[in-house]
Amino acid sequence: MEVVISTDKLTKKFGDFVATNEITFEVAKGEIFGFLGANGAGKTTAMRMLCGLLKPSYGSASVAGFDIEKQTEQVKQNIGYMSQKFSLYEDLTVKENFRFYGGVYKLKRQVIDQRLNEMLGNLGMLNVENSLVASLPLGWKQKLAFSLAMLHRPKIVFLDEPTGGVDPITRRQFWDLIYEAAHNGVTIFVTTHYMDEAEYCDRVSIMVDGVIKALDTPENLRKQFETDSMDGVFQLLARGTSTK
Amino acid sequence: MQTAISINNISKHYGEIQALKNIGFEVEEGEIFGLIGPDGAGKSSLFRILTTLILADEGEAEVAGLDVKKDYMTIRQRIGYMPGKFSLYQDLTVQENLNFFATIFKTSIQENYHLIKDIYVQLEPFKKRPAGKLSGGMKQKLALCCALIHKPEVLFLDEPTTGVDPVSRKEFWQMLKKLKQEGIAILVSTPYMDEAALCDRIALIQKGEILKIAPPENINQVYKGRLISVKSKKTYELIQALRALPQVASCYAFGEFLNATFKTDVQAIDPILNELKQKHFADLEWHQTQPGIENVFMQLLSQSQADDSSIKAQKR
Chain P
1 MEVVISTDKL TKKFGDFVAT NEITFEVAKG EIFGFLGANG AGKTTAMRML
51 CGLLKPSYGS ASVAGFDIEK QTEQVKQNIG YMSQKFSLYE DLTVKENFRF
101 YGGVYKLKRQ VIDQRLNEML GNLGMLNVEN SLVASLPLGW KQKLAFSLAM
151 LHRPKIVFLD EPTGGVDPIT RRQFWDLIYE AAHNGVTIFV TTHYMDEAEY
201 CDRVSIMVDG VIKALDTPEN LRKQFETDSM DGVFQLLARG TSTK
Chain Y
1 MQTAISINNI SKHYGEIQAL KNIGFEVEEG EIFGLIGPDG AGKSSLFRIL
51 TTLILADEGE AEVAGLDVKK DYMTIRQRIG YMPGKFSLYQ DLTVQENLNF
101 FATIFKTSIQ ENYHLIKDIY VQLEPFKKRP AGKLSGGMKQ KLALCCALIH
151 KPEVLFLDEP TTGVDPVSRK EFWQMLKKLK QEGIAILVST PYMDEAALCD
201 RIALIQKGEI LKIAPPENIN QVYKGRLISV KSKKTYELIQ ALRALPQVAS
251 CYAFGEFLNA TFKTDVQAID PILNELKQKH FADLEWHQTQ PGIENVFMQL
301 LSQSQADDSS IKAQKR
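Protein sequence lines correspond, in order, to chains P and Y. With the numbering used here, the residue at position 215 of the first sequence is 215, and numbering never jumps. With the numbering used here, the residue at position 172 of the second sequence is 172, and numbering never jumps.
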């Protein structure tokens with residue numbers, strides 16, 4: 001098993017508040033790793049540290065073989081990141097967004113155009129390459145944001161609540177993209193508030209008040225907490241209340 | 001029982017986009033009525049028409065027995081509205097926001113404290129914190145308090161729990177149940193199907209049209225085909241394999257299992273899956289399952305998507 005993310009007592013404090021408290025875990029190549037927790041549990045903080053966007057207070061982590069504190073640039077080149085408020089340029093066209101993000105990663109124009117054709121083709125979205133992003137439905141924007149996060153062929157992609165607010169079919173079409181990427185060896189690190197989506201992950205960690213309270217396969221977690229769904233596991237851990 | 005909301009043939013266009021097409025339904029006093037639909041289905045437009053913020057192109061609507069066009073000033077005093085976007089004052093504290101809304105409606109926090117008490121005790125430790133610094137779940141609770149402070153007869157909640165974690169969502173719905181007991185009618189929209197099950201009645205809405213109105217427990221009567229839950233460790237390969245079968249109408253991930261809808265008779269299903277098990281998926285297991293709201297909604301959605309084959313980029 002090749003390890004692509006490993007953290008050791010990774011901690012972030014804001015003043016007296018400990019947002020992420022000594023979290024230690026590993027993620028394997030090609031794994032779909034679900035990173036769950038209630039609002040304010042410290043997920044986004046942890047994710048921002050792993051992406052090299054925020055310095056830890058103490059502890060360490062390596063992502064794609066690079067130290068998140070000392071080698072932030074190499075980390076950034078090897079990961080893709082899709083934030084919950086995905087950062088597409090609404091007043092640029094789809095193609096212009098591809099060229100912009102490709103340019104940021106120093107891809108050649110020819111390579112960008114080739115991947116644009118390939119990615120939009122797979123999504124059935126070639127007919128909107130010259131449309132303004134602002135004119136697209138939310139579900140299309142999400143797929144587009146995922147494609148852009150994958151444009152430079154990262155080893156790991158971080159997805160922060162990628163499927164909020166869309167219909168159940170669009171949500172599952174998005175998960176088809178995730179499965180396909182994982183099948184091709186890309187490691188997926190994903191947060192979600194949909195507990196059915198937690199079941200789609202190979203392993204799931206649940207964070208409560210900055211600490212990882214549980215980490216295992218969905219099946220083992222259900223057994224361990226004697227409940228029939230990940231929602232049950234989550235309710236038990238996150239607030240200590242049973243759903244039954 | 002009194003009718004709290006009555007909608008008759010409402011339509012709304014934005015330029016060429018038809019946001020709402022001939023919408024009609026009624027909501028009773030003390031009823032929780034759910035509008036279930038994706039982003040862009042027209043839910044927010046309907047909320048804005050009923051809360052007198054925009055005018056419909058056609059049709060009539062009454063809220064608390066008052067006409068949304070003629071009596072808009074009176075309606076505004078008698079309803080509570082929680083818009084989809086967080087619209088409290090981010091740089092005012094929890095307490096300041098609540099005071100502000102109470103004052104606007106010429107009341108005080110004390111006067112209707114019983115309505116917000118259960119929610120407010122959870123907010124109280126943070127009452128000096130600016131609203132912008134609250135977590136998602138807390139923001140929603142504060143917004144609900146602000147919408148309730150003047151004891152409205154009808155409550156409009158536009159996606160109150162989007163982006164909120166499952167525990168906070170559950171607490172939020174427990175509060176709605178209590179408000180219902182006070183006789184308040186609640187029109188609520190949500191993209192979460194588990195919340196749909198908590199409504200008295202739901203309307204499935206897509207592209208401005210209502211696909212179906214029914215109590216959640218009856219909604220699965222319209223499901224076509226036989227639904228089978230299937231499972232293997234090789235999820236990705238299994239989805240592909242099932243979708244490739246001519247007997248399978250659709251296959252989607254559904255929590256722990258995949259849900260495959262078979263067009264064939266029940267008897268034909270076991271042989272098909274047995275073959276799959278022998279050939280490719282040694283760990284395959286399956287059982288027949290009852291369609292839930294999400295299954296029904298997805299089937300109605302894909303039918304309505306198949307109906308209009310034009311894939312034109314649409315404006316929200």
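Hints may be right or wrong, so weigh each one.
[Unchecked claim] Using 20 Å as the maximum straight-line C-alpha spacing, the simulated SDA-like pairs for lysine to any residue come out as follows:
| id | chain 1 | residue 1 | chain 2 | residue 2 |
| --- | --- | --- | --- | --- |
| 1 | Y | LYS177 | Y | GLN2 |
| 2 | Y | LYS151 | Y | SER250 |
| 3 | Y | LYS170 | P | GLY232 |
| 4 | P | LYS155 | P | GLN74 |
| 5 | Y | LYS234 | P | GLY139 |
| 6 | P | LYS85 | Y | LYS233 |
| 7 | P | LYS155 | P | GLN77 |
| 8 | Y | LYS21 | Y | SER304 |
| 9 | Y | LYS231 | P | ASP216 |
| 10 | P | LYS95 | P | GLY139 |
| 11 | Y | LYS128 | P | GLN74 |
| 12 | Y | LYS85 | P | GLY40 |
| 13 | P | LYS29 | Y | GLN2 |
| 14 | Y | LYS231 | Y | GLN221 |
| 15 | Y | LYS117 | Y | GLY84 |
| 16 | Y | LYS85 | P | GLY232 |
| 17 | Y | LYS233 | P | GLY139 |
[Said to hold, decoys possible] Simulated restraints on C-beta separations:
| id | chain 1 | residue 1 | chain 2 | residue 2 | range |
| --- | --- | --- | --- | --- | --- |
| 18 | P | ASP8 | Y | GLU29 | 18 to 24 Å |
| 19 | Y | ASN274 | P | GLN77 | 47 to 53 Å |
| 20 | Y | SER135 | P | ARG109 | 27 to 33 Å |
| 21 | P | GLN77 | Y | GLU285 | 24 to 30 Å |
| 22 | P | ASP176 | Y | ASN274 | 39 to 45 Å |
| 23 | Y | ALA282 | P | GLY65 | 33 to 39 Å |
| 24 | Y | SER302 | P | GLU180 | 16 to 22 Å |
[Claimed, not checked] On the chain P side, residues computed to face chain Y include the following (Cβ under 8 Å):
| id | residue |
| --- | --- |
| 25 | ARG172 |
| 26 | PHE174 |
| 27 | ALA214 |
| 28 | LEU215 |
| 29 | ASP216 |
| 30 | PRO218 |
Simulated from the structure, these hints should not be mistaken for laboratory data. All values derive from a computational prediction rather than experimental measurement. Don't be surprised by glycine CBs; every beta carbon is placed ideally from N, CA and C.
**Prompt:** Among the hints numbered above, which are violated by the structure, and what are their numbers in rising order?
**Reply:** 2, 5, 6, 11, 13, 14, 15, 16, 17, 18, 20, 21, 22, 26, 27, 28 and 29
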